[in-house]
Amino acid sequence: MKTTTQLALLVLTAILSSPAFAQDKSATAAPPAPTTATASPAGPTVDEKLEKLSERILELEAQNQLNKVRISGVFISRYEHLINLHGLPGADKTREDLSPLSMHYGLDMAFDATKNLKFYSTLGMSKFFNNEGRNESLSAGYYATYQATETGSYGFSGSQVIVDRAYASYEFDDTPLTLAVGRMPTNYGPPANQIDGLPRQGTYPRFSFNSIFDGLAAVYDFSSKLPVDHTLKLRTFYQPFTNIDQADRTKQAVDGQQLPSRTDQYVVMMDYSKQNLSFAERLDLIVMHAWWKEFYDGYSGAQAPLGSPPAGESENGSDNSYYLGFENIGDVGLNMSWSALNYKASIIGSGVDKDSWGHLLNINYKIAALDNLTIGYEHISTQKYFYLDEWTRMNLIPFYYLQSATGNHIYFNKLLTKKIIGTIGYYYLEAGAGDIYQPEESNAQSWYAQIRFDF
Amino acid sequence: MKRLIYIAILSTILGAPAYAGKVDTVKKAVKDSCNKELPDSDLMEAIVKAYDCTAGTSVKVADCKISCLKENGGFVVGK
Numbered sequence: 001m002k003t004t005t006q007l008a009l010l011v012l013t014a015i016l017s018s019p020a021f022a023q024d025k026s027a028t029a030a031p032p033a034p035t036t037a038t039a040s041p042a043g044p045t046v047d048e049k050l051e052k053l054s055e056r057i058l059e060l061e062a063q064n065q066l067n068k069v070r071i072s073g074v075f076i077s078r079y080e081h082l083i084n085l086h087g088l089p090g091a092d093k094t095r096e097d098l099s100p101l102s103m104h105y106g107l108d109m110a111f112d113a114t115k116n117l118k119f120y121s122t123l124g125m126s127k128f129f130n131n132e133g134r135n136e137s138l139s140a141g142y143y144a145t146y147q148a149t150e151t152g153s154y155g156f157s158g159s160q161v162i163v164d165r166a167y168a169s170y171e172f173d174d175t176p177l178t179l180a181v182g183r184m185p186t187n188y189g190p191p192a193n194q195i196d197g198l199p200r201q202g203t204y205p206r207f208s209f210n211s212i213f214d215g216l217a218a219v220y221d222f223s224s225k226l227p228v229d230h231t232l233k234l235r236t237f238y239q240p241f242t243n244i245d246q247a248d249r250t251k252q253a254v255d256g257q258q259l260p261s262r263t264d265q266y267v268v269m270m271d272y273s274k275q276n277l278s279f280a281e282r283l284d285l286i287v288m289h290a291w292w293k294e295f296y297d298g299y300s301g302a303q304a305p306l307g308s309p310p311a312g313e314s315e316n317g318s319d320n321s322y323y324l325g326f327e328n329i330g331d332v333g334l335n336m337s338w339s340a341l342n343y344k345a346s347i348i349g350s351g352v353d354k355d356s357w358g359h360l361l362n363i364n365y366k367i368a369a370l371d372n373l374t375i376g377y378e379h380i381s382t383q384k385y386f387y388l389d390e391w392t393r394m395n396l397i398p399f400y401y402l403q404s405a406t407g408n409h410i411y412f413n414k415l416l417t418k419k420i421i422g423t424i425g426y427y428y429l430e431a432g433a434g435d436i437y438q439p440e441e442s443n444a445q446s447w448y449a450q451i452r453f454d455f
Numbered sequence: 001m002k003r004l005i006y007i008a009i010l011s012t013i014l015g016a017p018a019y020a021g022k023v024d025t026v027k028k029a030v031k032d033s034c035n036k037e038l039p040d041s042d043l044m045e046a047i048v049k050a051y052d053c054t055a056g057t058s059v060k061v062a063d064c065k066i067s068c069l070k071e072n073g074g075f076v077v078g079k
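Chains A and B are the protein sequences, given in the same order. The first sequence lines up with residues 1 to 455 when you count with the numbering used here. The second sequence lines up with residues 1 to 79 when you count with the numbering used here.
So that you can see chain A by itself, here it is in the shape it has in the complex (with noise of 0.2 Å):
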C-alpha cells in the first residue's frame, strides 16, 4: 500500500505540476493554505491540487458528455476514358470519345441531439476539372424535377454545395424501432461499396435504388428475437413525389390537364444478415418491394397547356428486388453476390404493359499474398423496359441503366495507405434500343483510375 500510494503521489505530483495546471493555477488558485496534510511552503497542499484534479477530470468529462457532432468525409478523384458508338438501329453511329477528370467532395456532420434522437447530414460537391454551370436535367422536360432531386450533387453541375443528405432519426429506447424523416441515404449501396473495398454504406441495395430520396422510414429490429449472429430488419419508407408550378407555389403543375400534387410510393424491405456461417463470414439476404400509382413520368419536353392532350404520360407500377451476397467465402477473402430487379409498370391509358428484368453479378477476391490487392467482375444484364433509378453514379459510362444491355466490369482495388483507396477498371456495354426512352442502341467502353481519400 505504501509503495501504490507513492507512486500515486508521484504520478500526481507530475500531472499537478505540469504546465498546463501552472498557467491555470496562476489564474484561478487561491493562495496556499496550510491543511491537515503536509503543505508545501510556496504552494497549495496536496489535497487542494487533488481537488483540482478532480475539477479537472470532471471538466473533461463535461466536455466529453458536450461534444455532439461528428465530422467525416470523402474526397474523390477520377479519370475516366469513355468511348461510345451510338445511334438508331440501322442508322450511321456517333462516335463519342471523353476523357475528363472529375472530383466528388462530400463534408458528413452527425448530431446527437439527445441519446435517441440523431440528425445527418451530407454536403457534396462532384465537378469536372476546370468546368462550371453543367445541367444534366435541361433536356429531360418535367421529369428534370425528380431528376435534380434524386441525382444530389452527383450531376457534376460544378462547385456549389448540394444537400445530399439531411434526416433526423428517433431510437425508441424500449423497442427496436427507428423512425426517420428527411432526405435519406438511399444510394450507393451493396454491393457498389465493394468496388472501392469498403464494407456497407447505403440502407437500399444498388440494385434497388442508386439515388438519392426524400420521405419518412420505420425500421423495425428483430434481432433480438433471433439466435446470435442472425439481424433481421423491417424497413418501410414513404416518399412522396410532388408536382407543382415551378415557378409559383400556389398553383398546380399542369400537362394537359391540373396534375396531382403528390404522388405516393412505397417501399418495404426485409433485411436479413447472418454472421459466421460455415464456408463464410457473412451472408446478406435483401428482398424489397415498392409500389406506386398514377405516378407521372412526365418525361419529354415540354408540357402541354391546360386543355391540350397531355405530352408526358402516367404509370401504375412497382418494383421486386433481391440482393444476394456472401462475405469473406472460405475465409479467403472471397466476396460474391447477385442483385435482380424486376420493374413492372402499365403506362395510363396506352395499353402498355411493362414487365422486365435485369441482373447484376459481383464477385471480387482480395489477394493476401498482393498485399491485399482486391481484384474484381461485374456482370450486368438487362431486359426491354429495364428502369433503375440510377442517378448518384460517378462513371460516365451508362453502365447500370440501359434497356437491352449485357455488360462487363473488371476493377482492381487497393488500400494504399491508410485512408487512401485507389481503383481502376475497365467497362464493356452493348445495349440494344429500347422503349420510347432508349430509342438509340450503343457500344460503350470506358477505363478509369480513381482515388479516394477518407477522412
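Bear in mind the hints are in silico, worked out from the structure with no lab data behind them. Predicted model only: the values in this text are computed from it and were never measured. No residue lacks a Cβ here, since even glycine has one placed at the ideal position from N, Cα and C. There may be inaccurate statements among the hints.
Stated by the list, open to error - Which bits of chain A does chain B cover? Going by a derived footprint, with three or more residues having C-beta under 8 Å, they are:
#1 158-172
#2 178-187
#3 440-454
The hints should help you fit chain B onto chain A, whose structure is shown.
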C-alpha cells in the same frame, strides 16, 4: 493519517459517477471478443485504432480482432 486522507480523496474522485468512455468501451470489446484484459500499455494505441477506422470493418488491437467502434454515421438507417 496522511495516507487515509489521500485514500479518502482518491476514493471520492474515483467513486464519482463517471460516464462510460472510450477506455471502458475498448476494454469491454476486447474482453467480449477475446476474453482477455487489455493491458494498460496498449490502451492508447487500441483506442486510436478502434475509433479511427471505417465503420463496419474489423480492427486488430493487442492481438484481438474487434469491430470498429466508430459510429455508423447514418449511412444505413436504423439501429
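Tested hints:
Under a criterion of three residues with beta carbons nearer than 8 Å to beta carbons of chain B, the stated coverage of the segment 158-172 of chain A is upheld, 4 such residues being counted. Three residues within the 8 Å Cβ limit are the bar, and the segment 178-187 of chain A against chain B gives 4, so the coverage statement holds. Using a Cβ-Cβ cut-off of 8 Å, 1 residues of the segment 440-454 of chain A lie near chain B, which falls short of the minimum of three, so the contact claim is violated.
The structure is inconsistent with hint 3 alone, although it conforms to all the rest.
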